[in-house]
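The listed protein sequences correspond, in order, to chains A and B. According to this note's numbering, the residues represented by the first sequence are 163 to 302, in order. According to this note's numbering, the residues represented by the second sequence are 163 to 302, in order.
If you are wondering where the hints come from, they were derived from the structure by calculation, not from laboratory data. Even glycine gets a Cβ: it sits at the ideal position worked out from N, Cα and C. Some clues are possibly wrong.
[What the hints assert, rightly or not] On the chain A side, residues computed to face chain B include the following (Cβ under 8 Å): (1) Ile233; (2) Asp282; (3) Gly290.
Below, each chain spelled out in residue letters.
Number of protein chains: 2
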Amino acid sequence: MEKIKKLLEGTPLKATPQRLAILKEIAKFGHIDLDSIYKNLSRTFPSMSLATVYKNLHTLKEHGVIKELNINEIKNKYEIAAQKKHHHLVCKVCGEVTDIFLDTTQITEQTKSLEGFDVDYCEVFCYGVCSKCKEKEKGN
Amino acid sequence: MEKIKKLLEGTPLKATPQRLAILKEIAKFGHIDLDSIYKNLSRTFPSMSLATVYKNLHTLKEHGVIKELNINEIKNKYEIAAQKKHHHLVCKVCGEVTDIFLDTTQITEQTKSLEGFDVDYCEVFCYGVCSKCKEKEKGN
DNA sequence: ATAATTGCAAATTTTTTGCAGGTTC
DNA sequence: GAACCTGCAAAAAATTTGCAATTAT
């Protein structure tokens, strides 16, 4: 997976097997929390230590390789930073996070006129119920 | 402060001095994190225990009296739920959070057409630098 | 060779819990 | 009086740290 290794270019971070595995896991799921990374990888990579996952998520975030998503009611999730700008759709029932591409010019326009505050970027989180969970709810 | 007591109407929650003090503190600051609530109140209310703050924030959130804000890089903050709908401006330097009133019809329109996903509400967080911090940065 | 990284165990920090004694409605 | 709360201390969970051995560049 050269694609994964490339994510580290321009950083002083080394391409260790553990680190690459963590990045691959994040890329695979799109959005995933620390525990799931650890549990999933432990299966195929038994020596992987929890501390390594902690340290890596911290370091990778610090160097802008990944982003941390702070979402209501669920554990923080991580995603690869090098992606087209997007926002997030969160299912309040199952916690699944999906990328969503929104035109946010209206918001950007409004933030331009804020007195004294320089806005760098805006994040939008949309909360609702995904189709899978909607189906299940009908069943009850 | 009858205004504070009224926030508990319709819930089975009792108006204890501790709870009212916590709510008053949240209302006073607009947005405040758990530690600050505890530290601030400890001064005027020495017997206030940290566990009580934890339990109250949990219960008050559970009953929709307050909302928890999950913000990038800073500790979760709490705000009174019974407010006009608004969004948030976050200073990346000092962490101060300010309410902002945005017209989000453009986003709402877009989420209506999402296949299979029912969106209940969208949250917008705008990150940047506040005027105070901008001033200080100039100084350096 | 150098600087970075890992895994482990210990240390910290954060959050939750159980319960006895009080309080609110 | 019933249900709910508080404060305390203990327990559990989450996160960080130090360090010796190993690995990537």
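Okay, the hints, checked on the actual structure:
no.: 1; hint: Ile233; result: holds (6 Å)
no.: 2; hint: Asp282; result: holds (5 Å)
no.: 3; hint: Gly290; result: holds (4 Å)
Of the numbered hints listed earlier, not one is contradicted by the structure.
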